[in-house]
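Turn these sequences into a full structure, and let the hints guide you.
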Amino acid sequence: MKIAVMGAGGVGGYFGARLAQAGHEVSFVARGKHLDAIRAKGLVLQSPLGDATVRVRAAQDPAELWPADVILFAVKLWDTEAAAAQLRPLVQGGAYVIPFQNGVESIERVGKVLGPEHVLGGAAYIAGRIGEPGVIVQTGTMARLRFGPVLAAQRKVAETFLAACRDAKIEAELNDDIVKVLWEKFVLLVAISATTTVARTNVGTVRGDADLRWLLETVMRETWALGRRKGVKLADDLVEQTLKFVDGLPAEMRASMAADLEAGGKLEAPWLSGAVARMSREAGLEAPANRTVFAALKPYLDGDRPHLREAKA
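Following our numbering, the numbering of the sequence shown begins with 995 at its first residue and continues without gaps.
Please note: incorrect hints may appear among the correct ones.
Cβ pair distances, simulated, as ranges [unchecked claim]:
no. : residue 1 : residue 2 : range
1   : Gly1026   : Trp1208   : 38 to 46 Å
2   : Ala1146   : Gly1026   : 21 to 29 Å
3   : Gln1054   : Arg1275   : 36 to 44 Å
4   : Gly1198   : Trp1072   : 25 to 33 Å
5   : Glu1153   : Glu1102   : 21 to 29 Å
6   : Ala1277   : Glu1075   : 17 to 25 Å
7   : Asp1170   : Gly1026   : 35 to 43 Å
8   : Ala1146   : Asp1203   : 42 to 50 Å
9   : Ala1079   : Pro1293   : 44 to 52 Å
Okay, derived cross-link-like pairs now, SDA-like style, lysine to any residue, Cα gap no bigger than 20 Å in a straight line [unchecked claim]:
no. : residue 1 : residue 2
10  : Lys1174   : Val1226
11  : Lys1227   : Leu1279
12  : Lys1174   : Asp1231
13  : Lys1150   : Val1173
14  : Lys1260   : Ala1289
15  : Lys1224   : Lys1150
16  : Lys996    : Pro1061
17  : Lys1238   : Val1175
18  : Lys1106   : Trp1060
19  : Lys1106   : Arg1082
20  : Lys1150   : Val1129
21  : Lys996    : Arg1033
22  : Lys1070   : Ala1253
23  : Lys1224   : Lys1260
The set of hints was computed from the structure by calculation and includes no laboratory data. Because the structure is a prediction, the values reported are computed rather than measured. In this text, a Cβ means the ideal position worked out from N, Cα and C, and glycines have one as well.
In C-alpha cells form, the structure reads like this:
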C-alpha cells in the first residue's frame, strides 16, 4: 500500500515507520532539522516494542511525494487547515485522508478543505515524541489505531488500510461508529491534557492527589455530558471506565500538551478544554472546570512566557 504521512512526530512517525518496516511504500512530510535527519540517516524508532531504523522518502512539500492511497494526517491541531491545503495534489490523485489528531473536530475541519468524501475518521493511542531530529521515542507499550469510514464509499480503503496495519503488526481496529470512538477518546484526552498541563506533572501525581483527581473526573464528566448532548451514544458509565483506565497507565505518562508547555511550544488547548467550553456554551451547558483550565492556559497558547518577559525586564 502507498502511504503518505503528514506530520512525522510521535504519532505519524511511529506508525509510519512500522508500516515502512513491513514493506509498504511510506513517505513522510516533515520540515527543518527533523527532515534533514530523516533524509541523512533514516527515521529512527526507540520503542519498548522494538527499536528500528527505516530508510524512507521524505520531503517538506507533499507534491514532491509519490501518489498515495492513504494519508495519515498527524499534524498539531493549530496547523490543520494549512497542512490539509498542502495535500490537494495527493487527494486529487485519489488519496484518502485519515486524521489521527487530538480532539473531535478534525473530520469536519479537514473535510472543509479537501471535501468530506475524501476524509475518514481516526484515533491514535500512543505516547510518543520527537526525542531529537530524526528520532521518535515511544513511552510505554500502548500503540493502537482505531479508524473507520464516515461515508459508505470509504469502507474499502479502510479495509485495505486495516490489512496494511496487520501486516505491520500494528494493533488496529476498523470501527463503523468512528465519531463515538473519537468522543470516547476525547473524554480521556481532555482530562489528561488538562490536569498534567495545568499542574505541570504526570499521571501518577494526578491520580494520587485528591484535588487533582477531582479535577480529572470533573473535566471528564463535563466532556461526557457535552458528547451526550450532541447525540453521541456514550455509555452511562464511560467516566468510571475511563478513570479505571487512567489508574492503569504508567505513572510517568503525561499529555503531549504538558511537554509542549514545558518546551515553550504552542498548545492545543483551544481544541481540547477550550473546545469543550465553547461547544458546551453553544449547547446550553456549563463546563466551569474546562473553562477554568482553558483560561489558565491562554497566556501560553502561542508559546509565550509572560513571566519570563517580566523577569528579563
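>> Can you confirm whether the C-alpha distance between Lys996 and Pro1061 stays at or below 20 Å?
In response: holds (7 Å)
> Does the Cβ pair Ala1079, Pro1293 satisfy 44 to 52 Å?
Replying inline: violated (29 Å)
> In this structure, is the beta-carbon distance linking Glu1153 and Glu1102 contained in 21 to 29 Å?
Replying inline: Cβ of Glu1153 to Cβ of Glu1102: about 24 Å, so the range 21 to 29 Å holds.
> Has the hinted range 38 to 46 Å been met by the Cβ atoms of Gly1026 and Trp1208?
Replying inline: Roughly 41 Å apart at Cβ, these two residues keep to the hinted range, so it holds.
> So does Asp1170 sit 35 to 43 Å from Gly1026, Cβ to Cβ?
Replying inline: holds (39 Å)
>> Hinted pair, alpha-carbon criterion (20 Å max): Lys1238, Val1175. Please report holds or violated.
In response: Holds. Lys1238 to Val1175 sits at ~18 Å (cutoff 20 Å).
>> Between the beta carbons of Ala1277 and Glu1075, is the distance compatible with 17 to 25 Å?
In response: holds (24 Å)
> Does Lys1106 pair with Trp1060 here, judged by a C-alpha cut-off of 20 Å?
Replying inline: violated (24 Å)
>> Just to be careful, I want the Cα atoms of Lys1150 and Val1173 compared with a cutoff of 20 Å; is the pair within it?
In response: Measuring from Cα to Cα gives roughly 18 Å; hence the hint holds.
>> Just to be careful, I want the Cα atoms of Lys1106 and Arg1082 compared with a cutoff of 20 Å; is the pair within it?
In response: holds (12 Å)
>> Next pair to validate is Lys1070 with Ala1253; report whether the Cα-Cα distance is within 20 Å.
In response: Holds. Lys1070 to Ala1253 sits at ~13 Å (cutoff 20 Å).
>> Does Val1226 sit within 20 Å of Lys1174, going by the straight-line distance between their CA atoms?
In response: holds (6 Å)
Comparing the model with each numbered hint stated earlier shows that hints 2, 9, 15, 18, 20, 23 do not hold.
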